[in-house]
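> For reference, the chains in residue letters:
There are 4 protein chains.
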Amino acid sequence: MIYFRSDYSQGAHPKVMEALAKTNLEHTDGYGLDEHCQNAAAMIKDLIGIQDCEVYMMVGGTPCNITVIAASLRPYEAVIAARSGHAYFHETGGAEATGHRIVAVEGVNGKLTPELLDRAWAEYEDEHTPLPRMVYISQPTEIGSIYSKAEMTALAQKCRERDMLLYVDGARLGCALTCKENDLSIQELAQLCDAFYIGGTKNGALFGEALVIKTPQINDHFRWMIKRQCGLLAKGRLIGVQFEALLEGGMDSIYFEMAAHANKMAEKLRNGLEERHVPFYSCSQTNQLFPVLPTGVIRELEKDFFFYEWAPETNGMTPIRLVTAWGTQEAEIDAFLKKIGEILG
Amino acid sequence: MIYFRSDYSQGAHPKVMEALAKTNLEHTDGYGLDEHCQNAAAMIKDLIGIQDCEVYMMVGGTPCNITVIAASLRPYEAVIAARSGHAYFHETGGAEATGHRIVAVEGVNGKLTPELLDRAWAEYEDEHTPLPRMVYISQPTEIGSIYSKAEMTALAQKCRERDMLLYVDGARLGCALTCKENDLSIQELAQLCDAFYIGGTKNGALFGEALVIKTPQINDHFRWMIKRQCGLLAKGRLIGVQFEALLEGGMDSIYFEMAAHANKMAEKLRNGLEERHVPFYSCSQTNQLFPVLPTGVIRELEKDFFFYEWAPETNGMTPIRLVTAWGTQEAEIDAFLKKIGEILG
Amino acid sequence: MIYFRSDYSQGAHPKVMEALAKTNLEHTDGYGLDEHCQNAAAMIKDLIGIQDCEVYMMVGGTPCNITVIAASLRPYEAVIAARSGHAYFHETGGAEATGHRIVAVEGVNGKLTPELLDRAWAEYEDEHTPLPRMVYISQPTEIGSIYSKAEMTALAQKCRERDMLLYVDGARLGCALTCKENDLSIQELAQLCDAFYIGGTKNGALFGEALVIKTPQINDHFRWMIKRQCGLLAKGRLIGVQFEALLEGGMDSIYFEMAAHANKMAEKLRNGLEERHVPFYSCSQTNQLFPVLPTGVIRELEKDFFFYEWAPETNGMTPIRLVTAWGTQEAEIDAFLKKIGEILG
Amino acid sequence: MIYFRSDYSQGAHPKVMEALAKTNLEHTDGYGLDEHCQNAAAMIKDLIGIQDCEVYMMVGGTPCNITVIAASLRPYEAVIAARSGHAYFHETGGAEATGHRIVAVEGVNGKLTPELLDRAWAEYEDEHTPLPRMVYISQPTEIGSIYSKAEMTALAQKCRERDMLLYVDGARLGCALTCKENDLSIQELAQLCDAFYIGGTKNGALFGEALVIKTPQINDHFRWMIKRQCGLLAKGRLIGVQFEALLEGGMDSIYFEMAAHANKMAEKLRNGLEERHVPFYSCSQTNQLFPVLPTGVIRELEKDFFFYEWAPETNGMTPIRLVTAWGTQEAEIDAFLKKIGEILG
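Chains as they are written, first to last, in this note's numbering: chain D, 115 to 459; chain B, 115 to 459; chain S, 115 to 459; chain R, 115 to 459.
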């Protein structure tokens, strides 16, 4: 069985495993107060070119998203997100569990725009309506598209104009940054938003994300917030050690090498599917593809390949999700394309 | 200044005031455990023809909605509501404050349909998505339309099929029940849903709503829930006394007389506006009308009349809301129609 | 049956009823944005001698307490209160429902002291422990005692030292202010705390409390908080109208007259019980008395009088609560003392 | 610097690291739906002798505690715990963040008793008071003591009598089970409670706890609860793989070997301290010791050893916490005893 199911179906990059093995018997302080976490944080501050911020080593993406939301907002305040955004669509109401509405907006190819934010604000009235105060986006989006520098800049400007915080979910940030069409550097991204995270789980870590928060109001007692939201890892250093290994070398690190590889594999797959005139559910530029196939074809593919159906069947066609990752091998792409070629004839 | 701003701009029907005055010096037990509340509950059970239910005297509509939501759902469960529904649109995230998402759906003339519920369910996946478990509707809706017997029956059936609870916000229930086009009796409504309330605030009470809950799972420790949600009134009898006065005589009570009057005043107003070819934002059958007028006309009207603008201006036209109530006088309608006639020429 | 069960067993003072009747047919704006609420707020600002504050007309005491807690604290922050304090003991976890712990401390005669606050702080560590940030007290306390000027001043000073907010629940504030032993004026109280409320429900209103908030951080979007906590009354003016009637004349108003009467009735009762050597559960100085009686005696008394048992039986003795109010008549006290005299022999 | 600071200052047992390395490149399904998690769950069901239960692989102890509390209780229900219990004392109000009070009770040597539960219930009244519905204990307790079979049985019986759920935090369960004085087997423990967890983080795992839930009401949609509480790990198999390695061989596995070693090291340390007549803050039977030392002595010790101060100084004496673990070496104990011998003279 070949896996295109997710970018978290394998363990970690061998260098990450090595680093964990090498530091295994060290004694350190707990809860992320150790030197590895501090060192990883310093590496990240250098990478993004901002020293005046805090970096937190978090267990996963949902803890990042929900803890930031809970730490940022007053009780009556709300988040605006695309309907397809992870925090709305795939976190089981974790945001609402902290008391905050996510105002869900139909995105444009998975993305929010200044106009969509204005439209959401048009529904805001007064003390009878939750007050939008944060914008949640993902880079790349859940459906693989990326914000250009111009798009992200316009969004950030609208946020400042409306007095809203801008938060960027970077679960697959590596794939956005190494995407051929990308023109937004990590330094620029960091400048434009209030907080974002560099995802490890979906790019070669065992687990863990590095959350960067610039805005003092969010940083205020943020470690209290992590603990309250059940996200403070006792052996917090495990995340620091992994990010040290992932980011050694900065833009030349294995972190970006792995992401570039995932993109390259996705491109090969996309090209192969396009040659066979397979339509796509979204216009993805990164490591997730959403081909739309006859349901019968999907049943055949499922015998050899493992992937998700992404949306309900319409007129006999069903969108599936194919994800490539750092561990995807060219032969696996070939096998998929060969098989689909055989089925489609 | 003539008020068409709301159906809660005046105090209570004189008979309600009389009842409060008459019972003022009685000593009773607190928190709704008195004989007036019990008597009002018994009157309501008779009125709806269901004895096997509980009736709670609540301070207001938002406390009804939010307490029922909080009492009904497990933490990961969600409510489906029309985007225009009060619990979504005008309660400042009170539902989310109890940890629950409201999945907002564009309604059809303010109403949900079985198809819309199916579509909301199509987005439900598994443990990563909040589980829809309650449907919130208003009868009449926020924009004045009513569910016919066939529509409400179909909705209730879909709810049972999907294992969802059906809750009906009856803030203006009197106006639905006395609407000329209505074919759904209060007894039938009560049969079809799990819980609903008979609104007092917007139909001649000082304040207070009578919440009827049939389903044992919601009734379980419901008084604990009322208190926890800050809604237990010390002199709870005040609500019981008012409902005794409002509902004396059942379908011939002042409750329904007042609602019928409000509808009649609205009809006169609607007819007058239609004669002047004023378009409407929604197809209202009850005591709220939403004419769409040139913004300049609105500025003129505002000099003599007090009302809300309902939605943002589009192409120079703005929808306003005109509300009639038990205390609206025919001369006030005449004055409005005369004025608008003068302005429109 | 004679009621010593609570100070909310009757309706409102006749002058309150008159004011409600007189204004009943007025049309006003809703949600407390009317002239009566504004006028009552202005009267209260004059009464307390502070103009730079906000006054909110609230439906009840629990909504005051919980909304203030929710509006004041960041998610990881906690309240310190006496174990007997209303917000801890009698609000069904309403504070926890907003996500905040109440650290319960055994009070000294129902009161907190600077030493008790220090002791609570000694348990505070770091990000693993909720951070105490508000002190909740009642004046008078739940068991009838009052804070002297020196005690309240010391507490307020400790709060400032520890960077904690001080909130005073004034459900029975009138009885504290008119208590013979009281040396703390309402102006001084208002100066010492961040927020407090003047209770109406337990002192001659139908319902309603006037909440005074001085501290900008709590006032920030407080009306959004009221709505979110389900406490915004549609006909908000009802509370304004009542407070206009209650406080007309300031310190010579019926508000203080009623409270003084309740205290006087309690004093007569206390004297009578002391003459009969009845011991007391607490040292009450106001309108609630907690005599401890043989359980058999209580069973006899219950035949003619209605009151609460206050705490579990110990060695055959049970504390009861006797409450006097604005409507308590001297003859009712006489009847009670006569009866207890007969029983005790 | 020698660490007695915690039992989570090192990484994992070499066999755990090996298992992670060996399985690293396997592709599996995410979120704990893989074969390693299923296999570990089956091993645990066999170990505890109960097949009719669910086993969840959780990221940490706080996620176990808080998710179980949130999944078990209706909104108005509360937990009873010892004041020193982890869920009350060291989780930053995570329980309150889910809306539930923890009623904190002074324990007896860190333990709850049936009498203490009865006393907590004596404070429960009616709809004005949160309803105690779950008892939270730790085995061993936070201060190192263990419940005997008789004690745990009596507590479980009281819980059933009061219709309360019994939950056991087993962060250091291995140390309880391998303690010389222990007479309560894991099978018996599992029989007596509704849910408990077998702690990995503090006994040789990188991270992870195996949560066992027997009671259907808690198991209902529990994976939804894990996700909502931000605790669902993408590469969930990491925990399964670790528990496979930890528990291979059942009672003869490295899990119990490591715990026994930690206890043995603690015993040596305790004996050494007792010989020097050092008093203890609590009567610990497991791997945490709480000697009380002159603060000056502590300052000396801190130069070579790393540990926590546990409680505020009293009369010049301060309790500290010394923790041994699977990686503690006999020479480290000797060094500590030697040093303290030198200081105390």
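The set of hints was computed from the structure by calculation and includes no laboratory data. Predicted, not measured: the structure shown is a model, and the values here were computed from it. Glycine included, each C-beta is placed from N, C-alpha and C at the ideal position. Any given hint could be a false lead.
As the list claims (entries may be wrong) - With the Cβ distance kept under 8 angstroms, some of the chain B side facing chain D (calculated, not the full set):
hint, residue
1, Pro-189
2, Phe-203
3, His-242
Said to hold, decoys possible - Below, simulated DSS-like cross-link-like pairs (lysine-lysine); rule was C-alpha separation at most 27 angstroms, straight line:
hint, chain 1, residue 1, chain 2, residue 2
4, D, Lys-263, D, Lys-294
5, R, Lys-272, D, Lys-129
6, B, Lys-136, S, Lys-136
> All hints, please: hold or fail.
Evaluation of the provided hints:
1. Pro-189: holds (7 angstroms)
2. Phe-203: holds (7 angstroms)
3. His-242: This interface hint holds because 4 angstroms falls under the 8 angstroms limit.
4. D:Lys-263 / D:Lys-294: holds (13 angstroms)
5. R:Lys-272 / D:Lys-129: Given that 27 angstroms is the threshold and the Cα spacing comes to 53 angstroms, the pair is violated.
6. B:Lys-136 / S:Lys-136: Given that 27 angstroms is the threshold and the Cα spacing comes to 16 angstroms, the pair holds.
Hint compliance for this structure: hint 5 alone is broken.
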